[in-house]
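J.: The primary structure of each chain is shown beneath.
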Amino acid sequence: MKIKQLSVFLENKRGRLYEALKALADSNINIRALSIADTSEFGILRMIVTDPEKAKEILEKNEFTVKLTNVIAMAVKDKPGGLAEALKYLYDANINIEYIYAFVEKSGEKAVVVLRTENLDKTISILQESNIKLLTWDDVLAL
Amino acid sequence: MPFWNKEIETLERKKLRELQFERLQKTLRKVYQKVPHYKTKFNQAKIKPSDIKNLEDIYKLPFTTKEDLYVDYPFGLLTVSIDKLIRLHTSSGTTGKPKAIFFSKKDINNSAELIARCLVMTGAQRGEILQNSMTYGLFTGAFVMHYGAEKVGILVIPAGPGNTERQINLMRDFGTNMLHITPSYALYLASVIYDKGFDPKRDFKLKRAYLGAEPYSEETRRKIENMLGIDIYNCYGLTEMNGPGVGFECPYKSGLHIWEDNFLMEIINPETGEPVPEGEIGELVLTTLNREAMPLIRYRTRDLTRVIPEPCSCGRTHRRITRILGRSDDMFIVKGVNIFPQQIEQILMSIKGVAQNYQIVLESYDEMTIKVEIDRELFDGKIERLVKLKEEIIDKIRSATMVKPKVELLEPGTLPVSEGKAKRVIDNRTI
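First to last, the protein sequences are chains D and X.
By my numbering, the letter at position 97 of the first sequence is numbered 97, and the numbering carries on one by one without gaps.
By my numbering, the letter at position 38 of the second sequence is numbered 1038, and the numbering carries on one by one without gaps.
Derived from the structure by calculation, the hints contain no laboratory data.
All residues carry an ideal CB built from backbone N, CA and C; glycine is no exception.
Now the stretches of chain D that chain X is said to cover, found in silico as 3 or more residues with beta-carbon under 8 Å: (1) 37-49; (2) 55-69.
Computed far set for chain X versus chain D, every beta-carbon distance over 12 Å: (3) Asn1043; (4) Leu1088; (5) Thr1090; (6) Pro1277; (7) Cys1314.
Between the sequences and the hints, there should be enough to build the whole structure, so can you do that?
T.: In structure tokens, the structure reads:
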């Protein structure tokens, strides 16, 4: 149920984000979801891509500092309160969310969000017990 | 633990200090009487040898700098006549004439005596073989080690540097146990040994190596130790003070013992000349206490280090200094505070998450920016981690230097790679 996310350290330097994305584009790697966490001087680019291992290799070859981390992708109802409902289960179980961001989505029934918490295994079991749909890697690729 | 001269090496501090003072007085009286240049300097400072009533009074005496060595060059600082001299060694000055240091028979014997202490301290003994791969010549390094090893009864192979193939053959044929060698050559030699497919443990009888004459890092030491499966001892010296054997590591390898019965050491602030509190970084200043031909009073070595005041587990009472941290000429001032790049480096290297490379950028007199590359291995994708890392760097540098730096975290590989001497300080300030 865990899926692989790429985290890339980005110095606050002109063109650095472009260079990272260009490197992936040149190798025909598609980005499924993306978010940037930033401070005034540096940031971390987080991505779900079609081939994370290859993407890591390519970025490292281009001198980027990259880490693969496990995250969860969950599908919530695409209507008001859909995400809130899912998060309520985690809140009740006292699980802290480190970060969360949304997926690129084509068809509108479900909204997909990427989630990283302090305890992924516990998060998975709680969400599954609560009948929240978690995406497998195949689901992610099929999106 | 073996000793060459246990009585003097473990002499209790009080007695050691008494001996130092006795020898200091003798030395001062001698240079005042016999060296016009010293007499003039003392007179200018309005001080006579008899004004020095204890070791602390040494601060009243003027320093000797390398410029003083060129006054009345080359024989001007001698306290004996030329017929008492048996050796000249020189140290390459970066400009112009070399520094000329003369030794009497007693001085040569004494410098060998100090090396004998050093060698025995590391476990070397009669019956072992030392391959001396330092340059025999005007440079003191090889000769002082040679005489000291002979004194212990060690078989010396005077190989000199270079001709790596021959070095390896000598080591194999004769079963060399010890090397005296520069760090850069040791690293090269070790890599050739590997490339030739030797197994250092099986094919050689090497136990230890003495590395000196060039600065090198703890990392380099460990690397060579692991490559060759031996112990490496850090060795400090300068031609002006006999050459090697001024400071030497014991088996605990945590700092170099300075033979305080022969050298009076001070650590000063290179800017003000004032002593720094014990344990703080500053410039090493040495006074010879047991030299016949050419005593030097408060000689500015320009080398940065700090005293390790705690007693050493080896039982020797002679205090230790840390490995040389750099040159005092590298010092810069921010917000009126003296800062050494090595101070910053030490702090950075102690912080997990920081890579080897860093740069200090000075744009104004009240701000310093430290650019630090993050460690690729320790990047975990969390922003909090990086924010904390930055805060840790700021805090540690502020508490050590009293100056709060600006810190920029950079991607690994961003800063120019250091080849030998890296340019660590970029000073863009104009007065």
